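Sequence positions in the sequence shown follow the numbering used here and run 1490 to 1740.
FYI, nobody ran anything at the bench for these hints, they're computed from the structure. As the structure is a computational prediction, the values presented were derived from the model and not from experiment. Beta carbons: idealized from backbone N, C-alpha and C, even for Gly. Each hint should be verified, as a subset may be incorrect.
[What the hints assert, rightly or not] Quick list of in silico lysine to aspartate or glutamate cross-link-like pairs, EDC-like style, CA-CA up to 16 Å: (1) Lys1695 to Glu1659; (2) Lys1648 to Asp1691; (3) Lys1660 to Glu1693; (4) Lys1660 to Asp1691; (5) Lys1618 to Glu1606; (6) Lys1676 to Asp1656; (7) Lys1695 to Asp1661; (8) Lys1676 to Asp1661; (9) Lys1676 to Glu1659.
[Said to hold, decoys possible] Cβ pair distances, simulated, as ranges: (10) Pro1667 to Leu1721: 23 to 29 Å; (11) Phe1720 to Leu1675: 34 to 40 Å; (12) Ala1657 to Asn1731: 41 to 47 Å.
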Amino acid sequence: MNALKVVSILSTNFTFVTIVLPQFQHQHPDRFHEILIPFRSVDGANCASRPRHDLFMSMDVVSHISNIKNFYIYPLFANRTNLAHVHNMVLNRVFFYSFLFRDAEDADEPGLIQIVEALKIRKIFVSQKAVSNLIRKNINKEAGSDTAPSLVKPRGSPKLRTSGLVDAIEKDMSGPNPLTRSALSLKYGVSATTIARVVSQDSEGKVRKKCRVHVLSNKQAKQRLDRGSRFLRYINSRKWKNVITIDEAWV
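Hey, can you work out the whole structure from these sequences and the hints?
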């Protein structure tokens, strides 16, 4: 679909023409609707067939208007909003319509603005950014390349339960006398809750309360190792059913 067809589609809702009205005295209220009457007869067909010099105002006429260059760099739709915007800027009450398809003769494909407005007629409301993203994705797909990943960073605080932390905690828990949650929390600089989640969720283990006993010295540990077998033989020969001891070695 070329640009001229897009003009004909949009002609039912928009009129495109540029005109300079003679200067007139300020009146209350503005005769806005009277000014629009001669413009309503302009449609997309005869607007596109007009000579290009009839569709634009000369810069010597409008050079005194603030930001007038923006109206020539960025084509505008000829609607009441844009007309009122120009009305507020122009001190001598010059009204004009900006021709949307100023490059209609040379354009092969419609631009983003034309596509967005054509979709509005069909009750489909999208932004120019959405149209641009869709066009870029289709171009990348046809070229066989993947779409670039999103640059949006994940929200929220960074994840503390990294694979390195999980492996280190699992290594500390694999020994015969693992550290407590508070000790692991101080060692790795994370909360005790994080340690508990690593044990229960990442390692699929269980957190149990550790019995508190005093630490044996090397001499006491060797003494219990040497006397342990003799104590077992002693209670085995008497066939005792229950043995009560306060030695932490048997807890």
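Numbered hints the structure breaks, given as an ascending list: none
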